[in-house]
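Residue numbers (my numbering), protein chains in the order written: chain A, 937 to 1650; chain B, 96 to 185.
Nothing false has been slipped in among the hints.
Think about it this way: if two alpha-carbon atoms lie no more than 20 Å apart in a straight line, the pair counts; the simulated SDA-like pairs of lysine to any residue are:
#1 A:K1434 to B:R153
#2 A:K1434 to B:E147
#3 A:K1625 to A:R1572
#4 A:K1434 to B:S145
#5 A:K1434 to B:F150
#6 A:K1434 to A:S1055
#7 A:K1434 to B:V152
#8 A:K1434 to B:G151
#9 A:K1434 to B:P155
#10 A:K1434 to B:E148
#11 A:K1625 to A:S1571
I should point out that these hints are in silico values taken from the structure, not numbers from a laboratory.
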Amino acid sequence: MTARVVVTGVGLQTALGADVPSTWARLVRGERALGPVTLFDTEGFRARIGGEVRTPLAEGHKDDPSWSRTTAMAMAAAREAIEGAGLTRRPEAMRVGLVVGGTVGGMFETEDLLARFHSEPGAREVLARMLSHPLTATSDRLERDLGPFVRVRTLSSACSGGANALVVGATWLVLGLVDAVIAGASDALCRLTWSGFNALGAMDPEPCRPFDMRRRGLSLGEGAGFVVLERDQGARARGAAAIVELAGWAIGSEAHHVTNPEASGAVPARLFGEALARARLRPADVDYVNAHGTGTPLNDAMETRALATALGAELKRVPVSSTKGQLGHTLGAAGAIEAIVGALAIRDGVVPPTGGLETPDPACALRHVIGAGEACDVGVVVSNSFGFGGMDAVLVLTAPGRADAPRATKERRVVVTGVARASAELPGTRMLSAVESELDPARARRLDRPSRIATALSVRALGTASPLAPSGRAGIVLGSAFGSVDGSCAFMHRLFEKGPRLVSPADFPNLVPSGPVGHASIYLERRGPALAVADLGASGESAIAQGLELIQSGDADQIVAGAFEEASDIVDRVLIALFAAAHPSSAVRTEGAGVLVLEDEETARVAGTTVLARLESVTVGRGDRPSVRPPRNPSRARIVAAYADAAVANVVAGTPWEPVTRIGVGTTAGDHEALGAIAACVAVELLSKGDEVDEALVLCADPPRGYALLLTRP
Amino acid sequence: MDLRSEIKGLIVTELNLVGRDPSTIGDDAPLFGEGSLGLDSLDALQLAMSLEERFGVRVPEGEEARPVFRSVAALAEFVERARGAAAGGT
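Isolated chain A, as found in the complex (with noise of 0.2 Å):
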């Protein structure tokens, strides 16, 4: 199992330019644009300066209320790096992906809608249009658009989200999966995030300026980035060329501190390593690292930290810069529109500057480009980016062919060696509330109740899974449909009754999507790779696949995989809005989770631990029926779905799992978007505990969305 990662497309939509070529040529240049923010009102906000985009957005479907400017910035830059790659008009047997990063999703346009609800809480177009935007928003309107594809993946982790969007890109055809990956991501500026930095004390009133004596914080922007990955093997066979390569990658969590980076910078340091390593590079390779440097203070110190350990003695030779004094720190694209940056330097042989920068700061003592950009041979870049909750990601870019061919990892098989589940039965009841108490109260007291019930059954899952240390092969992703809605409407409404010096610092971290994953790594000391997923009512589904992964591909050796889904008065009353006519019955949604334990086979073999089933495959098939091998004995076999119901006897009619009896969760575990995590739970009891089954098919429900995991006895 090896391949060769290479970018055959980029695009870009920044505050700079409407595109790769224009904002590149005035980032070399040093340009900044940063300016006076004018799509909400920033009086009484610590800094009134961003990377706002004013060039014109890709128009909006106007029956569409999804429509977004961070879908439409996502779409202007998938739209370029798929025309730069050559694939408009795509060979019909090119099995084609979908990655798509970001934190806010439509939190720009829910806003005008929540400014409203807070005026008339019960008029019904606001409600009607409340759930409009969700993180999945933007990758489904790109399938729509772009697609057909075979896999899509929606993921956020916060500032690192794009850097992790391009992983999950070269991870897939490194397994196989896919032929090319539209991977990327896009973030729109909000007053979400506006008010929350600003609460936060991160934001510099003036321009940012990173590594400098003068610093005081970040200035934000808005942006997308979006690359085509393919394999270089596919790529020259079908004559398009390569930009750079992707030759590494690392991902981790420093389970230190939600907001704070920790400062010794060590696990930036160990990943900036492992990235390297993954290449075949060493760090007198590097020709240029592309910092995160946002200008807050601990960030920039502390990365200089990392810098100076993983480089050693070539630290004073290797140029480093940031681009965030001159695009704003766009979130969960900055990792994306980053790597970017670090292939155009490959390209064209120069280095941009950093913006803002005019006295380094002793404690950032690097060797900067000040100014405007340097020409020099670039050949190998590092990419860095850190996310709130500690997610850090590190990216190796190189000129074709610099690095030598990736080692070959051998076939990893995936087992289940941990699962807990926790559901509320009864509409508008909560979920018991033992599930939270079973955590340390010290130690869980900036946990938000998402986030509780998340770790609270990781906890449990993790009672009979293999120990691991050191905790770098530890991971955790966790899928939800929709996040904190409640949280962010309760938090949205301080900002427009109290206005912005009262809005809570604490609670802001909680209300990226990454949240609760950030949290339990925290809470868990998990040190791997930590991602947040969307799907809607695939979201466990898509996780557990997102685990399987990650462990296939060797980026970690355990992973808690599973969904949370909070019950939410807001998601009820819009729900109610919707369908209550239509379904009276229907319109009310409880609460519940679902983790499983995700374990490479070998890992629990040598530390003797129980193997509870063995996750045989997981297929997609995206608006198609997914291809399942037959069931060994239908007799001895199982479906487990959300709802034993119509649709999911459409999915298998036809097909040897046809006769196979169906088990459905929903009825006992409520109804809500996190059935599917619950039903891989009980697909592992039913096979670990009794002796009636030996297969278990987990199918969604949702055929456009596709899942279907396949569970064995071991």
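Chain A is fixed; fit chain B onto it per the hints.
Okay, now just chain B, sitting in the frame of chain A:
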């Protein structure tokens, strides 16, 4: 309730120090750093926001905030002074 007790109550509820009896927080005990209540910079921000909301005062930031956040006594003294100034008293 006197101001110091009120601030102690605010610390426990706003920072979710579950199980901590507010009256066991010493008036002059350090809130941050080694051998303290164990609060960090995110707690300081949350506490500053709650003080502004509860007492209608404007809490200083950065270096200026350091002496104010030393202890409950220092916080109470600051609130008293700031409220007095706002009322045009002293």
